[in-house]
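Chemist: Spelled out, the chains give:
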Amino acid sequence: EAQVTQNPRYLITVTGKKLTVTCSQNMNHEYMSWYRQDPGLGLRQIYYSMNVEVTDKGDVPEGYKVSRKEKRNFPLILESPSPNQTSLYFCASSPLPPVETQYFGPGTRLLVL
Amino acid sequence: AQKVTQAQTEISVVEKEDVTLDCVYETRDTTYYLFWYKQPPSGELVFLIRRNSFDEQNEISGRYSWNFQKSTSSFNFTITASQVVDSAVYFCALSSSLNNFNKFYFGSGTKLNVKP
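These protein sequence lines are chains B and P, in that order.
Going by our numbering, the first sequence opens with residue 1, and the numbers climb by one from there.
Going by our numbering, the second sequence opens with residue 1, and the numbers climb by one from there.
Careful: at least some of the hints might be erroneous.
Unchecked claim - If you want the ones that stay clear, here's a sample from chain P, every Cβ over 10 Å from chain B, calculated:
id: 1; residue: D18
id: 2; residue: F54
id: 3; residue: E56
id: 4; residue: V85
To be verified - Here chain B is said to cover these stretches of chain P; the calculated rule only asks that three of the stretch's residues, wherever they fall, bring their Cβ under 8 Å from a Cβ of chain B:
id: 5; segment: 38–47
id: 6; segment: 96–103
id: 7; segment: 107–116
To be verified - Distance condition first, Cα-Cα at most 16 Å in a straight line; then the derived EDC-like pairs of lysine to aspartate or glutamate:
id: 8; chain 1: P; residue 1: K103; chain 2: B; residue 2: D59
id: 9; chain 1: P; residue 1: K3; chain 2: B; residue 2: D59
id: 10; chain 1: P; residue 1: K103; chain 2: B; residue 2: E100
id: 11; chain 1: P; residue 1: K111; chain 2: B; residue 2: D38
id: 12; chain 1: P; residue 1: K103; chain 2: P; residue 2: D29
id: 13; chain 1: P; residue 1: K115; chain 2: P; residue 2: D86
id: 14; chain 1: P; residue 1: K3; chain 2: P; residue 2: D22
id: 15; chain 1: P; residue 1: K38; chain 2: B; residue 2: E100
id: 16; chain 1: P; residue 1: K111; chain 2: P; residue 2: D86
id: 17; chain 1: P; residue 1: K103; chain 2: B; residue 2: E30
id: 18; chain 1: P; residue 1: K103; chain 2: B; residue 2: D56
id: 19; chain 1: P; residue 1: K70; chain 2: P; residue 2: D55
id: 20; chain 1: B; residue 1: K65; chain 2: B; residue 2: E79
The set of hints was computed from the structure by calculation and includes no laboratory data.
Only a predicted model underlies this, so the values are computations on that prediction, with no experimental measurement involved.
For each residue, glycine too, the CB sits at the ideal point set by N, CA and C.
Please model the entire structure based on the sequences and the hints provided.
Modeler: Put into structure tokens, the structure is as follows:
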């Protein structure tokens with residue numbers, strides 16, 4: 001089944017404790033992207049990647065890191081999480097844009113205390 | 001600047017009513033795509049439609065229709081004869097050739113409540 005998976009789905013952590021949210025796709029897509037969703041703000045793009053070792057900033061990259069060492073994986077790294085990074089995070093993948101749509105993962109709900 | 005505005009934060013209707021969700025976008029690009037996504041209470045994001053900037057023809061898909069007007073920079077979404085299953089948050093989004101279509105700008109979403 002074609003899908004984008006994210007792990008963990010739910011995470012509670014404390015300020016400053018490094019964490020990684022994994023994202024994996026099995027569709028051989030070149031393009032992958034991370035978004036955060038906050039009430040009243042919709043989805044905002046954090047980082048995106050056009051291929052292995054090619055990444056670029058979205059609108060809200062501060063406090064996040066990404067890497068794309070393999071085509072299928074695009075982990076999101078929070079090196080020192082803060083409470084303002086409490087959010088719902090979505091990973092997405094697609095062939096290189098422009099395409100009809102991105103395929104979104106199920107989301108990761110993060111709470112930073 | 002590129003921006004999508006969904007001014008309606010929340011709309012409540014009674015089943016079988018028609019409802020229109022507004023989307024206004026800003027871009028200085030002439031080549032762009034507009035999208036609508038649905039996020040039901042279960043949380044996943046469901047693609048509904050993509051429209052390119054050169055195609056102003058209205059689109060109809062069952063009870064759903066979309067009205068794209070470049071003159072007013074709007075891409076509105078109408079649900080005819082709404083049903084309880086239409087209850088969700090709906091997002092409008094934009095990508096353009098300015099960023100090689102790699103960047104996506106979402107509106108803040110409109111929460112639609114359809115009551116039986």
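Chemist: Evaluate each hint against the coordinates.
Modeler: Quick rundown of the hints versus the structure:
1. With a least CB separation of 24 Å from chain B, D18/P remains clear of the 10 Å interface cut-off, as annotated.
2. Here F54/P stays apart from chain B, with its beta-carbon at least about 12 Å from theirs, past the 10 Å limit.
3. For E56/P, the requirement that its beta carbon stay farther than 10 Å from each beta carbon of chain B is met, with the minimum near 18 Å.
4. Residue-level check passed: V85/P sits 20 Å from the nearest beta carbon of chain B, beyond 10 Å.
5. Here the segment 38–47 of chain P counts 4 residues with a CB under 8 Å from a CB of chain B, which clears the bar of 3, and the coverage holds.
6. Given as covered by chain B, the segment 96–103 of chain P passes the check, having 4 residues with a CB less than 8 Å from a CB of that chain where 3 are the minimum.
7. Only residues whose C-beta sits within less than 8 Å of a C-beta in chain B count toward coverage, and the segment 107–116 of chain P has 3 of them, enough to reach three; the restraint holds.
8. For the hint pairing K103/P with D59/B, the CA-to-CA distance comes to about 8 Å; that is within 16 Å, so the pair holds.
9. Our distance criterion of 16 Å between C-alpha atoms is met by K3/P and D59/B, whose separation comes to about 11 Å.
10. The suggested pairing of K103/P with E100/B holds, with an alpha-carbon distance near 14 Å, which does not exceed 16 Å.
11. In summary, the hint linking K111/P to D38/B is supported, as the alpha carbons are separated by about 13 Å, within the 16 Å threshold.
12. A hinted pair counts as satisfied when its Cα atoms are at most 16 Å apart, and K103/P with D29/P qualifies at roughly 13 Å.
13. With a C-alpha separation of about 10 Å, the suggested pair K115/P and D86/P falls inside the 16 Å cut-off, and the hint holds.
14. Restraint check: the Cα-Cα separation between K3/P and D22/P comes to about 14 Å, which is no more than 16 Å; the hinted pair holds.
15. Simply put, K38/P and E100/B have alpha-carbon atoms about 15 Å apart, close enough for the 16 Å limit, and the pair holds.
16. Distance hint between K111/P and D86/P is fulfilled; the C-alpha atoms sit about 10 Å from each other, no more than 16 Å.
17. Annotation: proposed proximity of K103/P to E30/B holds, straight-line Cα distance about 14 Å (limit 16 Å).
18. For the hint linking K103/P to D56/B, the alpha-carbon distance of about 10 Å falls within 16 Å, and the restraint holds.
19. For the suggested pair K70/P and D55/P, the alpha carbons sit about 10 Å apart, so the restraint of at most 16 Å is met.
20. Proposed proximity of K65/B and E79/B is supported: the alpha carbons are some 8 Å apart, at most 16 Å.
The structure agrees with every numbered hint stated previously.
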